[in-house]
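Residue numbers (the numbering used here), protein chains in the order written: chain E, -6 to 342; chain X, -6 to 342; chain C, -6 to 342; chain U, -6 to 342.
Please note that the accuracy of each hint is not assured.
As the list claims (entries may be wrong) - To be clear about the criterion: a stretch of chain E counts as covered by chain X if any three or more of its residues have a C-beta under 8 Å from a C-beta of chain X, and this derived list gives those stretches:
1) 19 to 32
2) 48 to 59
3) 82 to 96
4) 102 to 111
5) 224 to 232
6) 272 to 283
Keep in mind the hints are simulated off the structure, nothing from the lab. Don't be surprised by glycine CBs; every beta carbon is placed ideally from N, CA and C.
Protein chains: 4
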Amino acid sequence: MNFASDNHYGVHPRILASLGEANTGSAMAYGGDDWSKKSEEQLSRVFEKEVRSFLVTTGTAANGLSLSAITPPYGAVLCHSEAHIIGDECNSAEFFTAGAKIIGLQGPGGKITAPIIEKCLTGFVRGERDPKPKAVSITNATELGTVYSADEIQAISRLVRPRGLMLHMDGSRFANALTGLGCSPAELTWKAGVDLMSFGGTKNGALLLDAVIFFDLQLAEDFARRRVRSGQQVSKARYLGAQMAAYLQDGLWLDSARRANALARKLAEGLRQSTVVRIAHPVEANMVYAIVPRKLNDQLLASGVKFYPKMANELVGQIKDDEIVVRLVLSFATPEADVDRLLELIRTG
Amino acid sequence: MNFASDNHYGVHPRILASLGEANTGSAMAYGGDDWSKKSEEQLSRVFEKEVRSFLVTTGTAANGLSLSAITPPYGAVLCHSEAHIIGDECNSAEFFTAGAKIIGLQGPGGKITAPIIEKCLTGFVRGERDPKPKAVSITNATELGTVYSADEIQAISRLVRPRGLMLHMDGSRFANALTGLGCSPAELTWKAGVDLMSFGGTKNGALLLDAVIFFDLQLAEDFARRRVRSGQQVSKARYLGAQMAAYLQDGLWLDSARRANALARKLAEGLRQSTVVRIAHPVEANMVYAIVPRKLNDQLLASGVKFYPKMANELVGQIKDDEIVVRLVLSFATPEADVDRLLELIRTG
Amino acid sequence: MNFASDNHYGVHPRILASLGEANTGSAMAYGGDDWSKKSEEQLSRVFEKEVRSFLVTTGTAANGLSLSAITPPYGAVLCHSEAHIIGDECNSAEFFTAGAKIIGLQGPGGKITAPIIEKCLTGFVRGERDPKPKAVSITNATELGTVYSADEIQAISRLVRPRGLMLHMDGSRFANALTGLGCSPAELTWKAGVDLMSFGGTKNGALLLDAVIFFDLQLAEDFARRRVRSGQQVSKARYLGAQMAAYLQDGLWLDSARRANALARKLAEGLRQSTVVRIAHPVEANMVYAIVPRKLNDQLLASGVKFYPKMANELVGQIKDDEIVVRLVLSFATPEADVDRLLELIRTG
Amino acid sequence: MNFASDNHYGVHPRILASLGEANTGSAMAYGGDDWSKKSEEQLSRVFEKEVRSFLVTTGTAANGLSLSAITPPYGAVLCHSEAHIIGDECNSAEFFTAGAKIIGLQGPGGKITAPIIEKCLTGFVRGERDPKPKAVSITNATELGTVYSADEIQAISRLVRPRGLMLHMDGSRFANALTGLGCSPAELTWKAGVDLMSFGGTKNGALLLDAVIFFDLQLAEDFARRRVRSGQQVSKARYLGAQMAAYLQDGLWLDSARRANALARKLAEGLRQSTVVRIAHPVEANMVYAIVPRKLNDQLLASGVKFYPKMANELVGQIKDDEIVVRLVLSFATPEADVDRLLELIRTG
């Protein structure tokens, strides 16, 4: 039983099959192939807008490259203090931006709001001795398994765009956010004011598939050079394009996310029946954060259940000494029976 | 007919099949899986030495990360002026090293020699106003399709190691160099004084497979952080490990390179029969540089033959106005019939 | 009346005179002159140890260069959240370190303690996804006008040195810390475990005088190159050396700091008589932080008194809406009568 | 006798006196003072145009900061292969630009011409694998003591501006170039297409005085942050402003340069009488490059004459084994008698 991460699961058979389909004859390298072109066309169709997309190899690279396109070295990026870009990527944002300041803000449920951002911006009072706020980065679905609505994003955009900040979305679990909300990709991104995003497929059934998508096409100028320079321009790019093609084909990406989210809801509902476990954050995507007795935690690990502890700052003071917060991630491929078994283990723990 | 690059060709069926084999159940992410471990064990066996290996996503990343481990920002890297790291990677070496100087030296056949390097080193006379020479990077097989012998490498190492410089090998076509020479991987690398290398599989039949290999294990300290920071730590790393496993299994990598090199020799021999075409550089790996009349060049392109012009600095003055230098690359998958057809086209051109 | 900063005051006459003395004939540039040599000798004498010193042009440069010598790009620097390096230098630490993470910790009185640092270090649990803690930087005297004792520094050193972290001191007001404590320069630095420091003279009567001083001489290797590379190697270096010579000569630096500290104590004692003003932080150097009614604040400004508001995080919740925290800085040249006049204005405010 | 460099000489008495004049009372730090304002006004008057100027502490910093404002990390800067930014500043341009490529071009007399630049630009044929040419940097007077005329600069500007490149001038010896030509500061800079420049006073009699001057005011946006971030924002900025004030007052800068240039001409004329010494480059500013017999070189050094050997690439093949190229620099303060004595030593050598 593996609830450690969605990236512990494998590749969807249709995506793997697509690699085989792409494996015929020779093709232009570095994105000059048909699969890469098809990928960009599909993304434009999915987002109901001409986009410029750049396939890269990891979500970290997608984030770092995105930020580098909108933040000068003397700039600042505002994000949540739980954001992947600040806590899980070993100074990557600083590397790609050549030293911008990444500022983590507190906000309930792993989300920052327009008022939280506004308050932070009022603190930039020292002129040139402060970095210049140039970007806001939100993660959707968030690191805590919650989801920003289109309205919440729009509120942020309305605040920051007039002040010259760009809005980036880390969408490593974008499909999970989307299917939970029932709005369109366009509504959750550029129509709500997102300027560019990291679009992730790896956690949702691809092998290695991340893209930077520009809704503001002007920002994409010279981005191809940034991609080469960072070692993110894959030579046999057709195999990235082929993944994207299969990922988007016939809504595979949404079906996969829907399944993972449904399992998360099922798990959360089961946990709510428990008298010893509490749900830590709203379950709006494919992750369940549970506050469990340390004894139960140890029993589950001993039973071979895989998962990680992860406690958000905002829970400080709410957890007893004999409790621990664990993150349970559901994926497109998690067996439903594993959810049942886990709930049974907890019930009988 | 495609002679444009070896990375225009696809993935070897055994490597593709290995992806399928790896696609079962869940596995630890970020390299904690069995395939990743197996990959490092195999590499240690291949090199007859315990190595530390880090799978990354492109040759550019492997080069940049390698250099970052051995060159401080105030340092200098010496390489040939035709080196990929100086001419094909859009400031990538500068990015990864945080601004080191990459110095391109002239040398016949795309190779630098110990005396050439020594002469360059004597020019560092200005103390702290000069960068500090910290690394030499050689490409084997070279960008011009020639090959450094173990002796040539050893001569370089003997010169630079006592002076505190590290020796890096860009081995994006390492298999092609190796099979041409008939020596062992160990003899062509650490036994000849190479401290670390970029080990490439992508050009030789893998989908996306590059590794940084440390023969000096101490240099590898903290390298895992460099990899994360640069967005080069793939989450579903098992699919990189699975490629490496198949690539090295039963000598697939050497067989593939042998085939490509043999085709290159065949093509070169055919061209030598021509009265209008000259060979520009020694053909020692899987590339043939040919000096062809511009008219023939145009005819070939019009016939649908794919290849790129590429003239090395050292040919300046040797090419007539109505001539052009073209690079013809052979791969593990180039149909032998294509070589025959190309020679026929040239004969009848 | 100017209490805005010690760097609003001018140059001590003896230091200005020293510039004139140095202005005879020609001298080697870039530090090859006699004044530069004398400066290093004096510093070695002052610190009772052979040091390596590098004169630079600003405190920001001294800090950034210091950190660059001890922190790799994938590293982290721990400091107080009020530290100059995190809040007043516009991403400078990130620039000089090529993107290290600068982590601000809370601690009373603008100081971090060994237990605070230890707690932070326990949070680095994610392996290569976290930056590697490599340095602690403390400011002495602190940004809040308090002072670390030698014992407090030693406690930090004893914690972090065995864990591989270096200890840097930002000594832009080192003289003010020193004279307050009555210990020797050696006792407050290397004897307490400081590995390198930014030694500032500008705020204490020099024109432009900052130095990086290495107590661990090995760390200084290649530092001359870092200085050139960052545009911090002054050509007519004799005029920096001449400032240092005069600054250290006959204890001028200590006398100047003693005077400034005495004025601060006098001001603080006067303020303690007031019924409307409170002292915010212990007054241990040459700065007084006062919590004043906003009305009084406005009156003082209207009377032409110059000072800045500056509220530390730790005061949040302790300040009423109609209050404001102001920073009053005393310098070697602040007229004592100005202190009397300010106290009078407050009394009658 | 010191002909080693103009920065081996001291500070002009009027500039030193100006420091004393500025040393009264308190003044706003970080450029908020009257002297700093006066400096910018004077520069605007001198250049007959509203400029934005930023005082910094070294020519290297002025160059690096200038380039950082016009060159992204994936960009390239074209300059002469003898340029200070490529050969004397230890990777500084790479540091300030976060890794741009600095490309040195050959050109007679240390100058690059529009055709030379155009030819280089035609080599950027590989799209995103090449850096993007974004800036040209010329040094005036050049490192070889020659001078670009306004027409030559205009020709460069006419070539590169339509192609999106900015034109930077390293004017560390701008006064020496100007007085040699007899044109106005405006004619030699913005009227000829220069977008921004490093304006140096240190080599011409100031203590420490370099400025970045923007003729294109838009480029100056956010530059104040770049200056702070690089540790180049001096706190007691009035002492830089006071130097600039005195430097420009009553044409001191031009008088000083005129004197140095006249001495260079006198020295060159004297050398032309010699049968054993040849002049290596046209003497158009305050430097004389002389090809001297090694024996004479040794005699002069033994006699206590200070100077450095410096051979430009373009002289390769023109120098005999028993000859050496030496650089003789004249300054505002070089005693005329020293020129006479040097000529006498050579005559009698």
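### Message
Quick check: do three or more residues in the segment 272 to 283 of chain E have a beta carbon closer than 8 Å to a beta carbon of chain X?
### Response
Our answer is that it is violated, as 0 residues pass the Cβ test (under 8 Å) against chain X, missing three.
### Task
State whether the coverage of the segment 82 to 96 of chain E by chain X holds or is violated, taking the criterion as 3 or more residues with Cβ-Cβ distances under 8 Å.
holds (count 6)
### chain X over the segment 19 to 32 of chain E, status - at least 3 residues with CB closer than 8 Å
That given contact holds, which follows from 4 residues of the segment 19 to 32 of chain E lying within Cβ reach (below 8 Å) of chain X.
### Task
Please count how many residues of the segment 224 to 232 of chain E have a CB within 8 Å of a CB from chain X and say whether that reaches 3.
holds (count 7)
### Query
How does the coverage statement for the segment 102 to 111 of chain E fare against chain X, requiring three or more residues with Cβ below 8 Å from a Cβ of that chain?
violated (count 0)
### Message
Between the segment 48 to 59 of chain E and chain X, are there enough contacts, at least three residues with CB-CB distance under 8 Å, for the coverage claim to hold?
### Response
It holds, with 10 qualifying residues against the three required.
Going down the numbered hints, you'll see the structure goes against 4, 6, while the others check out.
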